[in-house]
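Peer 1: One letter stands for each residue in the lines below.
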Amino acid sequence: MTQQGGTLVATPPEETTARRDPRRAVAPRPRLAWRERLEVLVFVGPAIALMAVFILWPVVSAVRMSFYRWKGFGPMDDFVGWANYSLVLGDDVFRGAVGHNFLIVVLSILVQLPLGLGLALLLNRNIRFRGVLRTIIFVPYVLAEVIAGVIWFQLLQPGYGVVDGLVGAVGLTAPEQGFLGTPDLTLYTVFVVLTWKYVGLAVLLFLAGLQGVPAELYEAAQIDGASWWQTQRRIAVPLLGPTIRTWAFLSMIGSIQLFDLVWVLTGGGPANATTTMATYLINQGTARGNYGIAGAASVVLFVIALVMAVLYQRLVLRRDTHEAR
Amino acid sequence: MSRSTRVAGLASLCAVALMTAACGGDGSSEADDASTITWWHNSNNEPGKGYYEQVAKDFEADHPGIDVQVSAMAHEDMVSKLDAAFQSGDVPDIYMERGGGELADHVEAGLVRDLSEDAADEIENLGGSVAGWQSEGKTYALPFSVGVVGFWYNKDLFEEAGIDAPPTTMDEFYDVVGQLKDAGIAPVSVGAGDKWPAAHYWYYTALRSCPQDVLEGAVTSLDFSDPCFVEAGEVLEDVVAAEPFNPGFLTTPAQEGATSASGLLATDKVAMELAGHWEPGVMQGLTDDGKGLGEKTGWFPFPEVEGGGGDPTAQLGGGDAWAVAESAPDEAVDLVKLLLSDDVQTGFAENDMGLPTNPAAGGAVSDPALAELLKVRDESPYIQLYFDTAFGTSVGGAMNDEIALLFSGDATPQEVVDATQQAADQEM
Chain A
1 MTQQGGTLVA TPPEETTARR DPRRAVAPRP RLAWRERLEV LVFVGPAIAL MAVFILWPVV
61 SAVRMSFYRW KGFGPMDDFV GWANYSLVLG DDVFRGAVGH NFLIVVLSIL VQLPLGLGLA
121 LLLNRNIRFR GVLRTIIFVP YVLAEVIAGV IWFQLLQPGY GVVDGLVGAV GLTAPEQGFL
181 GTPDLTLYTV FVVLTWKYVG LAVLLFLAGL QGVPAELYEA AQIDGASWWQ TQRRIAVPLL
241 GPTIRTWAFL SMIGSIQLFD LVWVLTGGGP ANATTTMATY LINQGTARGN YGIAGAASVV
301 LFVIALVMAV LYQRLVLRRD THEAR
Chain B
1 MSRSTRVAGL ASLCAVALMT AACGGDGSSE ADDASTITWW HNSNNEPGKG YYEQVAKDFE
61 ADHPGIDVQV SAMAHEDMVS KLDAAFQSGD VPDIYMERGG GELADHVEAG LVRDLSEDAA
121 DEIENLGGSV AGWQSEGKTY ALPFSVGVVG FWYNKDLFEE AGIDAPPTTM DEFYDVVGQL
181 KDAGIAPVSV GAGDKWPAAH YWYYTALRSC PQDVLEGAVT SLDFSDPCFV EAGEVLEDVV
241 AAEPFNPGFL TTPAQEGATS ASGLLATDKV AMELAGHWEP GVMQGLTDDG KGLGEKTGWF
301 PFPEVEGGGG DPTAQLGGGD AWAVAESAPD EAVDLVKLLL SDDVQTGFAE NDMGLPTNPA
361 AGGAVSDPAL AELLKVRDES PYIQLYFDTA FGTSVGGAMN DEIALLFSGD ATPQEVVDAT
421 QQAADQEM
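First to last, the protein sequences are chains A and B.
All residue numbers for the first sequence refer to full-length UniProt numbering, where the first residue is 1 and numbers rise by one.
All residue numbers for the second sequence refer to full-length UniProt numbering, where the first residue is 1 and numbers rise by one.
So that you can see chain A by itself, here it is in the shape it has in the complex (with noise of 0.2 Å):
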């Protein structure tokens, strides 16, 4: 007895006498289980539930939708195949939007990935105000994307706008239709606004790896005579790399999926030249209440940013998963 209460100390008490005691083993022990999977229930029933209610449901229902043609309200009964794909495929604006996404997925890595990553290097040093820079890049990406977007769209107003007025201030003209209201222009004036609201979320993430890389390696790069520059691009830039890759997909994600800046900016226009996928499909089923093409579209989206995003988790951030490992 004496022995039982030395190892009783050590173990949990229901676990030992269950073990010992062969009449009670078989009571508590289902009892236990059942306890355990309601647990499992309770803690993750609630999120697969939400999961299943608002992430599995419109999806499952925006297919459904793609092959219907529906107005928005009423039953859905006229069944039309694939006519809706070949329709939103087909289609001039469609395929521009697209390719207005790509075009911002591949400016956005190769005009914010140097920006940020200098302006990272910059204010890791010790340099003055370093607090007040940082903030000060970061607040933009802290803005709602909807007032950034009403914010720049008077600020980019032609005639009136603060925009128009500094580019008068330097002696250029600036366009007659506005930075918003010249096809031409219009979709890089939105990237350059996307640029100053998401540079900061960059340079936030590349901050935060560069106080990864061990001050040791600076060190001995020092005493091997290395310059500031040497040991920025040998040994920070490298070690970023995990870092940059992760803000890469990030970016390419956003970017693909671009709605609301350009919503406020533009609307898609002007004549098209800013619509994104995303404002497509609104166009298509909120405004024009073709919501069998929206959903198509959507699929198609969707189709898009799945490919994009496992074909990256393949080829780029393989390495990465496998160095952690």
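In short, the hints are calculated from the structure, not lab data.
If you're wondering where the values come from, they're calculated on a predicted model, not measured in any experiment.
Note that CB positions come from ideal geometry on N, CA and C, so glycine has one too.
Among the clues, some could well be false.
Distance ranges between label pairs, derived from CB positions [claimed, not checked]:
| hint | chain 1 | residue 1 | chain 2 | residue 2 | range |
| --- | --- | --- | --- | --- | --- |
| 1 | B | Q426 | A | F102 | 40 to 46 Å |
| 2 | B | A74 | A | R128 | 45 to 51 Å |
| 3 | A | L143 | B | A84 | 49 to 55 Å |
| 4 | B | S221 | A | L311 | 21 to 27 Å |
| 5 | B | E243 | A | R234 | 55 to 61 Å |
| 6 | A | L250 | B | G309 | 32 to 38 Å |
| 7 | B | E243 | A | I253 | 38 to 44 Å |
| 8 | B | A84 | A | L56 | 18 to 24 Å |
| 9 | B | G309 | A | A309 | 36 to 42 Å |
| 10 | B | G309 | A | G165 | 27 to 33 Å |
| 11 | B | E350 | A | W82 | 29 to 35 Å |
| 12 | B | D223 | A | W82 | 41 to 47 Å |
| 13 | B | E216 | A | D184 | 40 to 46 Å |
Which chain A residues face chain B? A few, computed with CB under 8 Å, are given here [claimed, not checked]:
| hint | residue |
| --- | --- |
| 14 | G72 |
| 15 | D92 |
| 16 | G96 |
| 17 | N124 |
| 18 | Q157 |
| 19 | T173 |
| 20 | Q177 |
Counterexamples of contact, computed for chain B against chain A with all Cβ distances above 12 Å [to be verified]:
| hint | residue |
| --- | --- |
| 21 | T36 |
| 22 | F59 |
| 23 | A61 |
| 24 | V79 |
| 25 | G128 |
| 26 | D171 |
| 27 | A186 |
| 28 | G257 |
| 29 | D343 |
| 30 | E379 |
| 31 | G392 |
| 32 | G409 |
Using the hints provided, position chain B relative to the given structure of chain A.
Peer 2: The following block gives chain B in isolation, referenced to the frame of chain A:
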């Protein structure tokens, strides 16, 4: 049962309760209540907003136990909220219908209540103006304001540019545009960013180019093969080529904010804008003093197109009607009848909220510009319902998008007709 299971059970119960609350918390439960009437309207500026609140209070006083929940929204907000409401089937008890193809779709989906019997007296009193809200001999909504689209202009700026009288033909219109430009005044604002304000120009050039029977045929058969539709686009190309519009018009919104097309007119930035009868009300909401252009407001109908096959006095217009949801309590019909009564329509007119359809209220329109518009409306041989409304959202949306492209020089008159026909063919 052990304590922990009871706690777990309680927790799961809470989770379920939370979830259902989250899923069903869109206010639908209020609308289902038989003693509550939900009413959506777009008179979201004073005095209209307060006037309707008073009407609702008076109705509640006469009908004990009935609670009227009024929601005043900006027009664009209301339209998008209504779209969502139709989709969910949870339509407000009293809401605004614009008639035409849209109403026909709602009727087909069984969302709108037939008012033919319940409001027979009111329908008779309104006369011909209910036609746009009828389908197969039944009336589904009662129009409370029917107006026509025309040019709203700033009398002071016209005077400043030395313009004696508003233009009556397109040639005179171009002269006026030239005079305004010479005086350094931006002639016209258009909210082409929202597309429909640009489309109204095409609607009017079509109305001036096409005879009435061709237009009526097009609305019922969705056939746009008559060459006059291409002519309409050609006339519009000339208008765009004259460059009368405000800088940046391709992304200018219609009514939101001081930099919208209406805002530019209200703040003396441009001399005129093509818009419907709602314009004075919209401008009032966009100026700090709440007066809009005030005394300076003038109105003239869309000019005659020389050599066009259409009637030069026909007007493009449309209006708003109160419709009752199929699921609404019977008292909602009583409230709609009250809204069309001599008293309420007179008050509606006195507050410059629109153009009353009840003949008893016609004399109460005090605003001189609106009175002018009312005169043109009543003298017009026929009023063509806005094409996008008449054709329904799908065809109308395709048409408006293509017309906006014509404004930026990216579509030809033929392409406008083709895009419209293509969308129409998918409807058949």
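Peer 1: Now tell me, hint by hint, if it's right for this structure.
Peer 2: To see whether the hints hold, each was checked on the structure:
1. Q426/B / F102/A: 40 to 46 Å: For Q426/B and F102/A the Cβ distance comes to about 28 Å; the hint is violated.
2. A74/B / R128/A: 45 to 51 Å: 48 Å, holds
3. L143/A / A84/B: 49 to 55 Å: At roughly 26 Å between Cβ atoms, A84/B and L143/A fall outside 49 to 55 Å, so the hint is violated.
4. S221/B / L311/A: 21 to 27 Å: 50 Å, violated
5. E243/B / R234/A: 55 to 61 Å: About 58 Å separates the Cβ atoms of E243/B and R234/A, which means 55 to 61 Å holds.
6. L250/A / G309/B: 32 to 38 Å: Because 59 Å falls outside the window, the suggested range is violated.
7. E243/B / I253/A: 38 to 44 Å: Given range 38 to 44 Å: holds, Cβ gap about 42 Å.
8. A84/B / L56/A: 18 to 24 Å: Since A84/B and L56/A have Cβ atoms about 21 Å apart, the given range 18 to 24 Å holds.
9. G309/B / A309/A: 36 to 42 Å: Violated - the Cβ-Cβ distance for G309/B and A309/A, about 57 Å, lies outside 36 to 42 Å.
10. G309/B / G165/A: 27 to 33 Å: Violated, at about 48 Å.
11. E350/B / W82/A: 29 to 35 Å: This hint is violated: roughly 57 Å between Cβ atoms.
12. D223/B / W82/A: 41 to 47 Å: Since D223/B and W82/A have Cβ atoms about 28 Å apart, the given range 41 to 47 Å is violated.
13. E216/B / D184/A: 40 to 46 Å: 42 Å, holds
14. G72: Hint holds; G72/A Cβ to chain B Cβ min 5 Å, cut 8 Å.
15. D92: 11 Å, violated
16. G96: Since chain B brings no Cβ nearer than about 11 Å to G96/A, farther than 8 Å, the hint is violated.
17. N124: 40 Å, violated
18. Q157: Holds - the Cβ of Q157/A comes within 8 Å of chain B, reaching about 5 Å at its closest.
19. T173: 12 Å, violated
20. Q177: 5 Å, holds
21. T36: 22 Å, holds
22. F59: 28 Å, holds
23. A61: Answer for A61/B: holds, closest chain A Cβ roughly 35 Å.
24. V79: 10 Å, violated
25. G128: 28 Å, holds
26. D171: Given that every Cβ of chain A is farther than 12 Å from that of D171/B, nearest at about 26 Å, it holds.
27. A186: 9 Å, violated
28. G257: At about 8 Å from chain A, G257/B fails to clear the 12 Å cut-off, so the statement is violated.
29. D343: Holds, since 35 Å exceeds 12 Å.
30. E379: 35 Å, holds
31. G392: It is violated; G392/B is separated from chain A by about 8 Å at its closest Cβ, not greater than 12 Å.
32. G409: 8 Å, violated
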